[in-house]
Amino acid sequence: MLRLRFGLYLIPLLFSAHLYAQNFKPVQFADFEKFLAENNNDTLYVINFWATWCKPCIEELPYFEKLNAETQHEKIKVILVSMDTESRWGNALTEFIQKRNVQSEVRSFYNKKPIDWIDRISPEWSGAIPATLFLYKGNKTFHEKEFTYEELQTIIQQLKF
Amino acid sequence: MYLTSIIAALMLNLASPAGYNVGDKVSDFELKNVDGKMIKLSDYSDEKGVIVVFTCNHCPYAKAYESRIMDLDKKYASKGYPVVAINPNDPVKEPEDSPEGMIKRAKAMNYSFPYLFDATQDVAKTFGATRTPHIYLLQNTPSGFKVSYIGAIDDNTDDPSAVTNKYLENAITSLQKGEAPSPNFTKAIGCTIKWKQ
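Respectively, the protein sequence lines represent chains A and B. Sequential numbering from 2 applies to the first sequence in this note's numbering. Sequential numbering from 3 applies to the second sequence in this note's numbering.
Possibly wrong hints are sitting among the right ones.
[What the hints assert, rightly or not] Straight line, CA to CA, 25 angstroms or less: simulated BS3-like cross-link-like pairs of lysine-lysine:
no., chain 1, residue 1, chain 2, residue 2
1, B, 106, A, 56
2, B, 65, A, 56
3, A, 56, A, 114
4, B, 127, A, 146
FYI, nobody ran anything at the bench for these hints, they're computed from the structure. Predicted model only: the values in this text are computed from it and were never measured.
The shape of chain A in the complex, shown without the other chains (with noise of 0.2 angstroms):
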């Protein structure tokens, strides 16, 4: 019975191992705090709020993927955080980013209450997506707003250099 049960408990983990993108891991807010507060280095982090139902987020999209690209070997990392919810990991989300064919970082938290960590994330975040956070050398600066690339190429420059 023991046996079984744990069997069981099994399955929907291996399933759930297969089913997502490669690039996709969702992850504990708590965990995400850490690596935020860890990360006070010289690369710069630009991590993009934004979800598969959000239309101003896909089409600000490819200029973070561009972004991804082209600064391979800088030390600029990009992180795309869904806030597509458990339920369209697997599916919706796991589709989009095949689909596009999406080479940045993505992420998501197992955490279902935004409210726990919005203000966590930045004050000055009303909740809206598009919305994008870059942290350099332990500074973050927070952007509620669509970004173009050259905005995106603006901002970095001002932060980096």
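Position chain B relative to chain A; hints supplied.
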């Protein structure tokens, strides 16, 4: 002198984000409803308050809350807190949120509350709304309507059965008891309001 006043203006801007804060008096506004009639906030001067909901047709978060917004009006309109829904989105950017789309949706779902179109987006800007859905609970006072709660309806968009805190309903209960809502400000993920360019 000119420069300092610009800097002062900029700093003021940073210090207090545009729009209403809790406690602020609300200016009257007039917008067109889906039935073609004009509706003013002052039409509600006999009510205890108004639940102003910035929402729209297209946004998945607004959709997730639609039935809860409908339930709120059914539950609270008779208690003196009716819902007034406002769509602030630019239909050029989001065709689903056009006045025609609004009329269709309101009819299909048989909304018991007005669904107003903020064509100039001035009302959304005056309130300081940034996303859909975005709630402003107004309390009717002798000096007019005042903002008593800003934020989310509750703490779980996806699953109404897993909600642990009904912020808006708790805020209304506080007002009914003559108390100040706590919390009076909450945040939630939502769709950005589609501003005109």
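Which of the listed hints are broken here? none
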